[in-house]
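Enquirer: What follows is each chain in one-letter form.
Number of protein chains: 4
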Amino acid sequence: MSRLKSRRRADYLYFLSYRTRWSDNDQYSHVNNSTYNLWFDSIVNTYLIECCSLDPPTSKSIGLVISSYCEFFAPLSFPQVVDLGLRVNKLGNSSVTYEVGVFPQGGDEPSAVGGYTHVFVEREARRSTLMPSQVREGLSKLFLEEPRSSSAKL
Amino acid sequence: MSRLKSRRRADYLYFLSYRTRWSDNDQYSHVNNSTYNLWFDSIVNTYLIECCSLDPPTSKSIGLVISSYCEFFAPLSFPQVVDLGLRVNKLGNSSVTYEVGVFPQGGDEPSAVGGYTHVFVEREARRSTLMPSQVREGLSKLFLEEPRSSSAKL
Amino acid sequence: MSRLKSRRRADYLYFLSYRTRWSDNDQYSHVNNSTYNLWFDSIVNTYLIECCSLDPPTSKSIGLVISSYCEFFAPLSFPQVVDLGLRVNKLGNSSVTYEVGVFPQGGDEPSAVGGYTHVFVEREARRSTLMPSQVREGLSKLFLEEPRSSSAKL
Amino acid sequence: MSRLKSRRRADYLYFLSYRTRWSDNDQYSHVNNSTYNLWFDSIVNTYLIECCSLDPPTSKSIGLVISSYCEFFAPLSFPQVVDLGLRVNKLGNSSVTYEVGVFPQGGDEPSAVGGYTHVFVEREARRSTLMPSQVREGLSKLFLEEPRSSSAKL
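The listed protein sequences derive, respectively, from chains A, B, C and D.
Per the UniProt record's numbering: the first sequence = residues 1 to 154.
Per the UniProt record's numbering: the second sequence = residues 1 to 154.
Per the UniProt record's numbering: the third sequence = residues 1 to 154.
Per the UniProt record's numbering: the fourth sequence = residues 1 to 154.
It cannot be assumed that every hint is accurate.
Copies of the same chain look alike in the list, so a pair counts if it fits in one copy or across any two.
In silico SDA-like pairs for lysine to any residue, Cα to Cα no more than 25 Å straight-line [what the hints assert, rightly or not]:
| no. | residue 1 | residue 2 |
| --- | --- | --- |
| 1 | Lys141 | Ser67 |
| 2 | Lys5 | Phe143 |
| 3 | Lys5 | Ser128 |
| 4 | Lys5 | Ser67 |
| 5 | Lys141 | Leu130 |
| 6 | Lys5 | Asn93 |
| 7 | Lys60 | Ser111 |
| 8 | Lys60 | Pro75 |
Bear in mind the hints are in silico, worked out from the structure with no lab data behind them.
Treat the numbers as computed from the prediction; the structure is a model and nothing was measured.
Using the sequences and the hints, build the whole thing.
Expert: Structure (structure tokens):
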């Protein structure tokens, strides 16, 4: 878990701020874990629409989530505002793995880090397909290679 | 319906901006009606917390919603940003009726206008009670009297 | 408010049961008001799909919500199960007003009663249009005329 | 990924059925990935409340999610009904890792498999603590040891 906990804002390339909503807090008066997944979807799709020319209602290929994950380090609570940072950790021809850092407004230590993998499929047939070239080009701008793990260093 | 449709930003006194989320859009690719209720809860409770000293996890009295309503005039769609405006239409000793105008970012014609009535109750017993004085004082700053209806004008 | 509070199960014609979800409860440990709107959408659209042959991804006309309302009489709390009852209060050629009663599982007194008005529009142009004949036929089976108000009885 | 995809109903010990809701479908007309996390929270907390005597509004210790994951194998779509199966994969004194299988109603092949890890903390101080004995006892009934991986078999 330590690897993701050590993320800082400088590890991300595209940022958006979101207000928490009353319904994000659960009975324990902090933001529920499922809200973080809503945020991942929101920043990823905003980037695809605004920076990669994706038009969800009409695009021939769409991104399906095949796996998701999140690690939680510190609680958040309504009405806090959060800053989300986005990066791409893997980029293939038909799939992409995103990572999102969730920061309290202005903070540099993440409350949570998570993300998911999109596989692009044909809208109707839902068969795997190449992602649109504008999408791949846009996503490549967020790609950051991981440093080799310390065990590999000599 | 025309009365609420003619609301403008100048009819509201407290504003917050919210990003739409991917999940706000439904199958018809516009923001689902239930999202507006989530926004009403969010701006009302943000105001109660930040401007009226309400602390939801510990306050002795809490506001329960006893009725809600919304009229929809124009669609919104993710990833639009919305500006919410809040006013108080009725203010009693134990209840308050809020109205929220939902505007596309920077726009002056509402996409929707709605709100709800809070009755304050004791946290445990859930019996009606006076609202805290700081809450009533804060809410009174958002109170705007309606002009008499035209039928009453001579 | 009393008129809706006096609704009983016999006032509704189509029923579905829903489990509450953890996220339905808000900080005050009861089901949040906005959850009821999610339920209205769910029973209405289930009826449209299963009993009126509506296919949301492909239908030429779609129902847009133009106004919604809800009155709340008694709290619910996760993990309660709720029984929803559906009726149609007004049925035109291009619009319909639904009413939904929300009952605790097996109970006869509603926790809340609300609903909304759908106007059917062309999918792309979003101009008002006749509802599909199968939809109108299906909805007519749920139509219940209100008794005249007592003040009108002589 | 293949390990979780091969799960069957017999791999789970506690089941609940949930109706999908209209809002669960996203613009692509299938259940959005974040809905699965809402379901995980729902079956886990229903089990904790109904079978482990946990009372979320008053319990001295509460379970915080520290990591979550989900793998998606086949789409679901409103108004389908889903059957959720719950098991416990790891059980310590202060933490537990749940796994949930999401099946289309009556089906034996999962649409998705995921879950999360709860760490129990003191309600106010949020320091790690032992889980209540009734909780641990209840969870132990759902514990299923993984068979050793085939590579380890000789």
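Enquirer: None of the hints should be skipped; say for each whether it holds.
Expert: Hint-by-hint comparison with the structure:
1. Lys141 / Ser67: For lysine 141 and serine 67, only the intra-copy Cα distance (22 Å) is at most 25 Å; the inter-copy one is 28 Å.
2. Lys5 / Phe143: Classified as within: same-chain Cα gap 19 Å, cross-chain 29 Å, threshold 25 Å.
3. Lys5 / Ser128: This pair counts as between: shortest inter-copy Cα distance 18 Å, intra-copy 33 Å.
4. Lys5 / Ser67: both (20 Å within a copy, 12 Å between copies)
5. Lys141 / Leu130: Classified as within; 18 Å inside a copy, 46 Å across copies.
6. Lys5 / Asn93: between (29 Å within a copy, 24 Å between copies)
7. Lys60 / Ser111: This pair counts as between: shortest inter-copy Cα distance 24 Å, intra-copy 36 Å.
8. Lys60 / Pro75: Between copies only: 18 Å across, 39 Å inside.
Of the numbered hints stated above, none is contradicted by the structure.
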